[in-house]
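Let chain B serve as the given structure and place chain P on it in line with the hints.
Chains as they are written, first to last, in our numbering: chain B, 1 to 294; chain P, 1 to 502.
You may find that some hints are simply not true.
Claimed, not checked - Below, computed lysine-lysine pairings styled on DSSO-like, alpha-carbon distance capped at 30 Å: (1) P:Lys300 / B:Lys202; (2) B:Lys12 / P:Lys300; (3) P:Lys295 / P:Lys144; (4) B:Lys3 / P:Lys295; (5) P:Lys295 / B:Lys12.
Claimed, not checked - Computed list of chain B residues with no C-beta within reach of chain P, every gap over 10 Å: (6) Leu14; (7) Arg56; (8) Thr64; (9) Ala104; (10) Val125; (11) Gly145; (12) Ile190; (13) Gln198.
The set of hints was computed from the structure by calculation and includes no laboratory data. Everything numeric in this text was worked out from a predicted model, so none of it was measured. Cβ coordinates follow ideal geometry from the N, Cα and C atoms, glycine included.
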Amino acid sequence: MIKQRAAIELAKHLILITFLMLILFPIFYIISISLNPIGSIGSDIIPPHLSLTHWRYILGLPYTDGITGEIKTSSFPMLIWLFNSIKISVITAFLMLFLSTTSAYALSRFNFKGKKFSLLTLMIVQMFPNIMAMVAFYLMLDFIGQYVPSLGTDTHGGLILVYLGMTPFNIWLIKGYFDTIPKSIEESAIMDGCTRFQAFYKIVIPLSTPILAVVALLTFINTFSDFILPSIILKTQDKLTFAVGIQIFVSEAFSNRWGQFAAASILGAFPISAIFLCIHKYIVGGLTVGGSKG
Amino acid sequence: MISIKNFFTLFVLSLGLFIVYKLLTQGYLLLGLVTTCLWALTTIIFLVKRAFPYRFMYPGLLTFFLFMVIPILFTIYISFTNLGTGHLLSLTRVEEILLSEKHTLENTPSYNFHLYPQNNSLYLIHVYNEDEKEHFLGQFDLSKENKSVNLKPMSLPEFINAPLTRGEVFNYFDSLSTIDFIIPDRPSVKIASTNYMASIINRFELKGDDKILDAVTQTLYWPDFTSGYYTNGKENIAPGFFVNVGFSNFLKLFTNKSMKKPFAKVITWTLLWSCCSVLLTFCLGIFLALFVNSKHFKGKFIYRILIIIPYSIPFFISVLIFKGLYNKDYGIINDIFFYFFNYKIDWLGNALWAKVSCLLVNLWLGFPYMFLITTGILQSIPNSVYEAASMDGAGKLVTFRKITLPLVMSAVAPLLVGSFAFNLNNFVGIYLLTAGGPPMMEASTPVGETDILISYTYRLAFEGGRGQDFGMASAIALIIFIIIAFLTLINFKLSGMLNDKR
Chain B
1 MIKQRAAIEL AKHLILITFL MLILFPIFYI ISISLNPIGS IGSDIIPPHL SLTHWRYILG
61 LPYTDGITGE IKTSSFPMLI WLFNSIKISV ITAFLMLFLS TTSAYALSRF NFKGKKFSLL
121 TLMIVQMFPN IMAMVAFYLM LDFIGQYVPS LGTDTHGGLI LVYLGMTPFN IWLIKGYFDT
181 IPKSIEESAI MDGCTRFQAF YKIVIPLSTP ILAVVALLTF INTFSDFILP SIILKTQDKL
241 TFAVGIQIFV SEAFSNRWGQ FAAASILGAF PISAIFLCIH KYIVGGLTVG GSKG
Chain P
1 MISIKNFFTL FVLSLGLFIV YKLLTQGYLL LGLVTTCLWA LTTIIFLVKR AFPYRFMYPG
61 LLTFFLFMVI PILFTIYISF TNLGTGHLLS LTRVEEILLS EKHTLENTPS YNFHLYPQNN
121 SLYLIHVYNE DEKEHFLGQF DLSKENKSVN LKPMSLPEFI NAPLTRGEVF NYFDSLSTID
181 FIIPDRPSVK IASTNYMASI INRFELKGDD KILDAVTQTL YWPDFTSGYY TNGKENIAPG
241 FFVNVGFSNF LKLFTNKSMK KPFAKVITWT LLWSCCSVLL TFCLGIFLAL FVNSKHFKGK
301 FIYRILIIIP YSIPFFISVL IFKGLYNKDY GIINDIFFYF FNYKIDWLGN ALWAKVSCLL
361 VNLWLGFPYM FLITTGILQS IPNSVYEAAS MDGAGKLVTF RKITLPLVMS AVAPLLVGSF
421 AFNLNNFVGI YLLTAGGPPM MEASTPVGET DILISYTYRL AFEGGRGQDF GMASAIALII
481 FIIIAFLTLI NFKLSGMLND KR
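Chain B on its own, in the form it takes in the complex:
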C-alpha cells in the first residue's frame, strides 16, 4: 500500500517535471541564445561555446562583430530605454501612491455626500482598461503640449499624466486595508491634539506599509510592462521605453538581432520577474478584486 502510494507520488512528480520543462523551455532557450556567440534565430539549443558578445552589445560596451570580426559599439541606446522605463515607472508608482492613499483614506474614514456614488463609479470604471481611450489620450496630450510642452506628446511627463488616471483599482485595494485598521487609534490621537492630516500620515500610513508597498510595486510592474500607450505617445528614439524600444529593435531585423534581443529580454525581464515572484501572494488578493494584471 505504502509502496503503491510512493509510486503514484513519483509518477506525479515526473509528470509535473516534464510539464514544467516544456513550459519553461522558451526561458532556458532564450538564456542559451543570449550566451551563444552566433545567436541567429536558427541557433542550436546548446551553444558551441559561451560568449558574452550579446551582453556587451546591449550594455553599450565594445564587442566583436560575429561576421566581420570588427570591434564596435551598439548604436541602440538599450540602457537609456531601460532607464526611461524605470524612471517613468518609479515616478508613476510614487504619484499613484499619493493620489490613491488620500482618496482611499477619505472613502474609508469620512461620511460625505456622494460617497456611495464615488465607490460605485470607481468599481465600474476600473473594469474599463484605459487603452480604449487611446485616441483621446493622444489628442489630449497633443493639445496640452501646445501650452505646456513638457506634458505633451513625445514627453515622459505626458505619459505619466495618462497613467495617473488609473487610480480606481488602487483606491479600492488600499481602502480595503484601511478598513481593517481600527479607527480608535486615530481618534485618541486627535483627542490629544493631532489634526486629521497628522493622524493620517503619522499613524495610518505607517500602519499600512505592506499594502502601500504592494500597490507601488504593482504599479511599477504594470507601468514597466505597458506597451500600447508609450508606443502611441513617444516618438524620439532616446525617449522610448524599454518595451517600445526593444519591440522596434527586434522587429526591424528579427533574425539578425535574435541574440542581442535574447540578452536584452533577460535584462528587462529578470528584475520584474523577481519582484513579482516576491509579492505574488499579496497580488493574488488584489487580482481577485481587479480580475486581471493590467
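For chain P alone, kept in the frame of chain B given last:
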C-alpha cells in the same frame, strides 16, 4: 495676509480658468464645458470649509476624472466626428489658416532688396529690379509697427555701411513680412523672402459670417458641415475641418461593403479569442492546481513558484520571444516539427495557424494566473467538507464534481468574466506576435485575420499608410466599451456587488 497655501490655491484656480478660456475659444466645446464644471468643483472644495473630506478625495479623483472619465467622454465625442487625416483641425483653426494664406500675383513686377541699418532702429531699404535698372529707397523704424512704407524712385544710390546679410534679415522676417511697400504708380509689394519682394495678397478674405472669398478667382466658398470642407459646390479647399457626422462611422462599420465583412470577422475573432483564452487557461490552471495541491504532495512551494514564472515575465517580452520561436524558416518550433513530421507550418503567415499561435502563446501567458487564483480558492475550502463527503462514501470524482467544482466556480465566475474582459483588450498578445496579420485581402482599411477590436482601433488611428482615422477608431473603441459595460453588469450580478453594502 496671503499664506503660501492660499497662494497656491489661487494659482491652481487661475490656471484652471485659463485652460477653460483656451478650450472654449479654440472650439473644443464639450471639453471646455467639462473643464468648466471641474473648475467650479475645485473652487468649491478648496474654499468651503465643510468640504473637508473632499479635499482628501480630491487629488486621486481629479486625475481619475481628467485621465479616465474625460478621455472616455472625449472618445465618445470623437466617434461621432470625422476627425482624422485631412480633418484634424477645428473650423476656427482652418478659417485662421486659410485667411493667413498668401498668394503671389502673377504678371506683376518683382524686386530684390537690401536693408541698411541706420541710427537706432531706423532702417533704409534699397529696392531694385532684377536687371538693376530701377532703384527705390525708403526708410522705416523697425521698433514701431509699420503698416506701409513709401518708396521713392532714384538713381543708384551709394551706401556707406554694408547691408544686412540674408541671415540677419531672416531674424526680423516676421515683422518685415507684414509691411506694405508702396511704389508710385505700381502695385505695392511685400517682402517674400530674405532678398526678394513681390506683390503678395491674402488669398482669401472673410465674407459675411463664415463664407470666404478667393481673391484670385473671385469664387465664394462656404463651410460644408457634412463633408467638413470649405466648398463652392464643386471644389473643396484643403485642409478640411472636423465635423459632427452623426452615426456615419457606425453605419459604415455595419453597412459599407468593404468594411462590413472585415469588421464582422474582427468582432467574431475577438469574442472567440477571449472565450478560448479564458477556457483554455482556466482548464489548465485548475487541473494544475488540483494536481499540485493534493494532500501529502511534497515540494508544493517550489512547483508553485516554477509554474507562475511565465506569468511573472512582462508580457511584451514573452510574446516577442515566441515570435522568434514561431519563425517559419528558422524558428525552433518548426525545427522540431520538421524533425518529426518532415513538414514546416507557416505559423504566423497562415490565417488559421496564426490564430492557433496567438491562443497557444496566450495559454502560456495566462494559465499561471488561473492556477494562482484557483489554488487560493481550493485552500479556502475547509477540510471538514471533504471529510464529511468521504464519510458519506463519496468517491474522488463525485467529490470533485459535487463539491470542489461548484465551490470553485461560484468564487471564480466573476474573475473569469474579468479575465474575458482583459483578453478582449489583450493588445500585446496579438499585436506583438502577428501585428494583426496576415492581412485580409478584401478590406479597404488596414486589418488582418488576427486583429481584435483593440488592435484594429490602434491600426486605424496610429498605423500610417492609409492615414489616420480617429473617428472610426473611436467608434470601434465605443463598441468595445459597450461590450465591457455589458460584461461589468454580468460581473456585478455574479458577485452580488450591487446588493452588497460596502
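For each hint, the structure was consulted:
Of the pairs offered as hints, the one joining P:Lys300 and B:Lys202 is violated, with about 40 Å between alpha carbons and a cut-off of 30 Å exceeded. Proximity of B:Lys12 to P:Lys300 is assessed by CA-CA distance (about 12 Å); at most 30 Å being required, the pair is judged to hold. Using a Cα cut-off of 30 Å, the hinted pair P:Lys295 and P:Lys144 is violated, with the two alpha carbons roughly 92 Å apart. With a C-alpha separation of about 17 Å, the suggested pairing of B:Lys3 with P:Lys295 holds against the 30 Å cut-off.
Distance hint between P:Lys295 and B:Lys12 is fulfilled; the C-alpha atoms sit about 12 Å from each other, no more than 30 Å. Against chain P, the non-interface label of B:Leu14 holds: every CB pair exceeds 10 Å, the least being about 12 Å. For B:Arg56, the non-interface assignment is confirmed: its Cβ lies about 20 Å from the closest Cβ of chain P, beyond the 10 Å cut-off. The beta carbon of B:Thr64 is kept farther than 10 Å from every beta carbon of chain P, the shortest such distance being approximately 23 Å.
Separation of B:Ala104 from chain P is inadequate, the least Cβ-Cβ distance of about 8 Å not exceeding the 10 Å criterion. A beta-carbon of chain P is positioned within 10 Å of the beta-carbon of B:Val125; the least distance is around 6 Å. No Cβ of chain P approaches the Cβ of B:Gly145 within 10 Å, the least distance being about 13 Å, so the stated non-interface status holds. Chain P leaves B:Ile190 outside its interface by the beta-carbon criterion, the shortest separation being 13 Å against a cut-off of 10 Å.
Even its closest Cβ contact with chain P, about 13 Å, leaves B:Gln198 beyond 10 Å, as expected for a residue assigned away from the interface.
Against the hints set out earlier in the document, violations occur for numbers 1, 3, 9, 10.
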